[in-house]
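A.B. asks: Listed here are the chains, written in short residue letters.
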Amino acid sequence: EQADRTRPVQIEADSVRLDDLNKTAVYEGNVMFTQGTLTITADRVDVRQDDKGLASGEATGQPVFMRQKMEGRDEYMEAHGKRALYDARTGIVKLIGNAYINQAGDELRGGVIVYDMRTERYQAQGAADDSSKGRIRAIIRPRTTQETGAAKP
Amino acid sequence: MRADHACPGHLGGATGPLRSMTDGPFQQASHFWLPLVIVGGLVVLTTWLGQLAEQPLPQAPTVLRHDPDYFVENFNATAYDVSGQPRYHLTAVRLTHYMDDDTADLIAPRFVREGAGVARVVVRSLRGVVSANGDTVDFIGDVRMLRERLQDGPPIDLTTDYLRAYPDRDLVVTNKPVLIKDGGGQLRGAAMQADGKQKTLELSGRVKGIYETRH
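Sequence lines, in order, name chains A and B. So in this note's numbering, spot 49 of the first sequence is number 49, and the numbers just go up one at a time. So in this note's numbering, spot 30 of the second sequence is number 30, and the numbers just go up one at a time.
These are calculated hints, taken from the structure and not from any lab test. Please note that a few of the clues may not be correct.
Taking lysine-lysine and the DSS-like style, the derived pairs with C-alpha atoms no more than 30 Å apart in a straight line are [claimed, not checked]: (1) A/K94 / B/K197; (2) B/K208 / B/K197; (3) A/K52 / A/K23; (4) A/K82 / B/K176; (5) A/K94 / B/K176; (6) A/K94 / A/K52; (7) B/K176 / B/K208; (8) B/K176 / A/K23; (9) B/K176 / B/K199; (10) B/K208 / A/K52; (11) A/K52 / A/K69; (12) B/K197 / B/K181; (13) A/K69 / B/K199; (14) A/K82 / B/K208; (15) B/K208 / B/K181; (16) B/K197 / A/K69; (17) A/K52 / B/K181; (18) A/K23 / A/K82; (19) B/K199 / A/K52.
Just so we're clear, the structure is a prediction, and the values are computed from it rather than from any experiment.
All chains, full assembly: derive it from the sequences and hints.
C.D. replies: Pasting the structure below:
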């Protein structure tokens, strides 16, 4: 949902280490990152702050799971990947390493997937830095007539 | 050959066994044993009297009660490192030292750790205890620790009920719940370890962080 980005971020984990040198808080062990309807589960999340609060987060896991409710409808976006880079300012999440996203039934797999929470759009990029062959596979769910009918204003 | 040739008198007949016994071997023996018995008796007597004289006067129970032997008002101590730079200061409204276990209680202690390349740390609490050899200082009650950032940024502000500092090892630990205000974030943990040398501070037990995101 759009309102997620203004909501406070809540992170739970087994431990957290405040690292002065690179000004990050490193959460490790069963990490649960929630912000409004956005939830991310991972083995480790590095959080960086700036003067306006939480700036960014980098999650790693086997894999990192992500889930978020779509704006104004009872459907969800689910995604996973080896790493997830979340920029709290722009609301852009970059999933890296066998990335997969399922948005209300439409699926996309690829090396890297970039998801923009504001527009709820995603794009897959060839995985230059990833071991997979960079192939992208998408499955677009056919809309039934009532759905398409309803979509038109 | 007679069996007991050592005894010169004849054994005597049945009529006088007692008499023969008195002037027989017993009489010789008494020449020999009597002085010994007397001397022995004297020895026992003198040692007994000696012990009686040396016995310490009856006193209060010997175990030392936890009584203070001195106290210091407005206590202020500074430790220096090898190169003569001040490493930490420990101040208190009052320090009370105890003779039996060589520990010291502090009222309103304040500990400041500083030095080149070390994040400045200030710890305050209601009460404190300095260990016997002084290698740990316990902070008890309304403990507050402020740790400066190496670069810019607000200090880490930590509150808990109990904190143990190892001044010489640059280490601060607690096994009590901790609340940390770190910039816009608020972190809670069940235990904490802050290492000045590695410049890290770690919370463990189930930790929870809440971050505002102001736009």
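A.B. asks: Could you work out which of the previously given hints the structure breaks and list their numbers from low to high?
C.D. replies: Those not satisfied are hints 1, 4, 5, 13, 16.
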